[in-house]
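Protein sequence lines correspond, in order, to chains A and B. So for the first sequence, the numbering used here puts the first residue at 1; every next one is plus one. So for the second sequence, the numbering used here puts the first residue at 1; every next one is plus one.
FYI, nobody ran anything at the bench for these hints, they're computed from the structure. Any given hint might turn out to be false.
SDA-like, lysine to any residue: derived pairs with alpha carbons at most 20 Å apart [said to hold, decoys possible]:
1. K394/B x F90/A
2. K96/A x Q383/B
3. K67/A x K204/B
4. K27/B x L334/B
5. K189/A x P309/A
6. K313/A x I2/A
7. K311/B x I2/A
8. K96/B x K91/A
9. K344/A x F93/B
10. K130/A x K6/B
11. K116/A x K335/A
12. K91/B x E14/A
13. K410/A x V426/A
14. K71/A x P381/B
15. K31/B x Q60/A
16. K6/A x Y49/B
17. K387/B x P385/A
18. K6/A x K89/B
19. K313/A x L48/A
20. K368/A x L343/A
21. K222/A x Y241/A
22. K204/B x I221/B
23. K31/B x L343/A
24. K398/A x D258/B
25. K91/A x K31/B
26. K96/B x L48/A
27. K130/B x K189/A
28. K130/A x E14/B
29. K130/B x K222/A
What the simulated footprint calls covered on chain A by chain B, stretch by stretch (three residues with Cβ under 8 Å from a Cβ of chain B suffice, anywhere in the stretch; the number is not a length) [as the list claims (entries may be wrong)]:
30. 63 to 71
31. 196 to 205
32. 358 to 364
The following label-pair restraints were derived from C-beta to C-beta distances [as the list claims (entries may be wrong)]:
33. K338/A x N24/B: 25 to 33 Å
34. G373/B x G314/A: 37 to 45 Å
35. Q60/B x K386/A: 24 to 32 Å
36. A283/B x Q88/A: 19 to 27 Å
37. K116/A x K394/B: 51 to 59 Å
Heads up, the beta-carbon is just placed ideally off N, CA and C, and yes, glycines get one too.
Number of protein chains: 2
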Amino acid sequence: MIQVTKGMRDFYPEDYRIQEWLFNIFKQASKLSGFEYYDCPVVEAEELYVRKAGEEITEQLYTFEDKSNRKLALRPEMTPSLARMVIQKFKEFPGKIKWTSIPQCFRYERMTRGRKREHYQWNLDYLGEKSMMAELDIIATAIHAFELMGLSSKNVRLRISNRKLLSDLLLGFGVLESQIIDVFLSIDKLGKIKDEQIIELLEKAGLSSDLSQKVLEVIYIKDIKKVKTFIDSCDASNEGYLEIQELFSLLEIYGFSDYLEFDFSIVRGLAYYTGTVFEFFDARKTLRAIAGGGRYDNLIQNLADVDLPPKAKGSIKKEAVGFGFGDVVIFELLKDLKLLPELKLTLDYYLIPFSEDEVKYLLPIVAKLRNQGFTAEIHYPPQKPKKMFEMASKRGAKNGIIAGSQELDKSILKVKNFRSREETQVRFTDFMDSIS
Amino acid sequence: MIQVTKGMRDFYPEDYRIQEWLFNIFKQASKLSGFEYYDCPVVEAEELYVRKAGEEITEQLYTFEDKSNRKLALRPEMTPSLARMVIQKFKEFPGKIKWTSIPQCFRYERMTRGRKREHYQWNLDYLGEKSMMAELDIIATAIHAFELMGLSSKNVRLRISNRKLLSDLLLGFGVLESQIIDVFLSIDKLGKIKDEQIIELLEKAGLSSDLSQKVLEVIYIKDIKKVKTFIDSCDASNEGYLEIQELFSLLEIYGFSDYLEFDFSIVRGLAYYTGTVFEFFDARKTLRAIAGGGRYDNLIQNLADVDLPPKAKGSIKKEAVGFGFGDVVIFELLKDLKLLPELKLTLDYYLIPFSEDEVKYLLPIVAKLRNQGFTAEIHYPPQKPKKMFEMASKRGAKNGIIAGSQELDKSILKVKNFRSREETQVRFTDFMDSIS
């Protein structure tokens, strides 16, 4: 039997209802903060994702060739598409951009851990703002979404770090500029592989054994003041430190201090982040990260520069902060916490004809009800009353409109409220007139 | 510069807003009639679309191989996916199924006529109902959608035919059962290619020159009674005739007779239709068909039977009526008729700080407003008042909350209604308390 494509999900109506509930919260939170929705094709040129660093996301690209041998890919993430769209119409967007989207993203991964090959990911991107106000707006919007789901700082925490801060410190320790990205991607594995393996990765990146140990030590610091001591001691730049201080301060003023944790081990697995990086995780620490993001001030310029003539290079640039929130881990959390709503089909009216004659008698009522914005369905073909009332209940009907030969003869209707069980008789014409 | 994939569309926020308006109408109309939303992956096994007939849709399949050499395709239409989903969980859906979806569909076509390689298509499918009540429900739902867009029978017409009726007649004329599908697909080209070319196609399908001429003649009949005369004269079955009569009758009772036209040349380009076929088109006849559908009673059984052991063949079957409504032609029509709404970003509140100090003063208000369901944004960084008020207008703000050093010192705020231009002073704490 032909099956759903391996690693991908079907959404039957009951699955879809819960998906829609979540997406509506994403959309509602985005709207509250003035983020505008955009969309673009799921298929992009493969070259959009070709980056040098050994990121998991580009290694697992779902690539293929079309009939003209164009190299294409199913998008693994939305940020490069957003960057492409902004670059293509750069002059139309001179100021800030606050955009949101809920794209389905794909990766081609051997499915050893039961991970899927697709997920939906709510994206928020704030472009053209170099201050921490961009981070604040995105993080605040994410927290508003959590709270709309019924979650609070009791269930969800925000871990923040800053790549500039980390690289300032690493450079102060003697790590080379050229080694930084590899060090970041190694640190991103923390908790996923053993510490010894991290050390191996760091040494593979060119760090001495001592330096690797020192890096691992620093990563475990949870107290931002202690980081400051390190910075001062090795005379490193404190730009990253000032940024993270400012972001903490803004989030506290906004009212979300209960969510905050400093965590140096947060670096995120994407090569393009340049400053703030953050992750939301469940307070019990049993699940993978729920959502995360960071600042990527150079991505748009780097993508644009590839095709710009030497003179024009650097002319297209925009600072940016982005955020992705997948639909898989959050469902696990909401399920664990019993916060998933029970959603069923409902109908305002279910029309119950006792015979074929009453079908035609009732059809104009169905038409008028729908025309006036009421959800309505007619039972067909007529069956025994018990069967029809069972179906009314199964379809979530609030009211029934019932007609047999008696009602037809007298041009009346029985109207039944299924909740109060109240039943009334009304004239057909009166009922028609009352629908509005 | 990396471009959007050839033949595909980006949706910038202003494009998306109008798209969302249309999709909300599709969803609203579906809901009014009790259709439940479902979804599934855009990627399917290629074999799901392998059918014998020479349909345009399977010739233009967007196929590719994944890294495991699986033959996959981007879906060209939703119906086979729906059939697959129903077959995979057949026992869970013993009765009727009324489902809806708005999938993006793809085709790989040489883009000679400016046609795109993707479109979104609203789908309605009604399964498990053999009577014309299924057709009625789908067609009525479509018309409710048109009316929600502001269209009426003045702008949109429904052309209905019935493949059973046509094949009854063709068989009566002496066309062979085995030639029927080819004849249908030839007739579907009517209006797209010249009549002489249709004749050529019919002859290629094996019809004599005389018979081909006769078929072409019959197709042009617009009066259903005349068709009846033909049927009686060649002693053909009148099952299809009774069906179309019943459907016309139901649609008239429902109240949509103004939309109806009988049109024998409507056959639709899909091989799997078995009975009713219909198309909505603009009354001026200047555009391609807006939407269309038909009955496909055998598709589910045919798809299921492929993998069933001989004994079980025929055990999975469900009558079905389906409908597809693309997002391209309707936009052309609505644009022509000036019925597209003007949709702009709006915000309930725009917060205007005169300096950095007031930014932090105003942030808790932003937080509370959003928390209570108001859309709110803060201007950053502070600029000259004129610039900030311009931006408030550009962002569609209804109200402004303004604070300079005076307001900060006195713990007050200026609240301005941008529509009435009314401006009031309130205490910070009073305003905070008033947000709910």
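(message) Check whether the Cα positions of K96/B and K91/A lie no farther apart than 20 Å.
(response) violated (53 Å)
(message) Just to be careful, I want the Cα atoms of K130/A and K6/B compared with a cutoff of 20 Å; is the pair within it?
(response) Distance ~34 Å between K130/A and K6/B Cα, so the pair is violated.
(request) Verify the proposed pairing of K189/A with P309/A, using a straight-line Cα cut of 20 Å. (result) violated (38 Å)
(message) Holds or violated: K27/B and L334/B, Cα atoms, limit 20 Å.
(response) holds (18 Å)
(request) With a cut-off of 20 Å on the C-alpha distance, tell me whether K96/A and Q383/B pass. (result) Holds - the C-alpha atoms of Q383/B and K96/A are around 14 Å apart, at most 20 Å.
(message) Assuming the hint says 37 to 45 Å, is it satisfied by the Cβ distance from G373/B to G314/A or not?
(response) holds (43 Å)
(request) Measure nothing beyond the straight line between the CA atoms of K71/A and P381/B; if it is 20 Å or shorter, mark the hint as holding. (result) violated (43 Å)
(request) With a cut-off of 20 Å on the C-alpha distance, tell me whether K6/A and K89/B pass. (result) holds (17 Å)
(message) Does D258/B sit within 20 Å of K398/A, going by the straight-line distance between their CA atoms?
(response) Measuring from Cα to Cα gives roughly 32 Å; hence the hint is violated.
(request) Verify the proposed pairing of K116/A with K335/A, using a straight-line Cα cut of 20 Å. (result) holds (18 Å)
(request) Sort out whether E14/A lies within 20 Å of K91/B, counting only the CA atoms. (result) holds (16 Å)
(message) Given the hinted pair K31/B and L343/A, is their Cα-Cα distance within 20 Å?
(response) holds (14 Å)
Checked against the numbered hints given earlier, this structure breaks hints 3, 5, 6, 8, 10, 14, 15, 17, 20, 22, 24, 25, 26, 27, 28, 29, 31, 35, 36 and 37; the rest are met.
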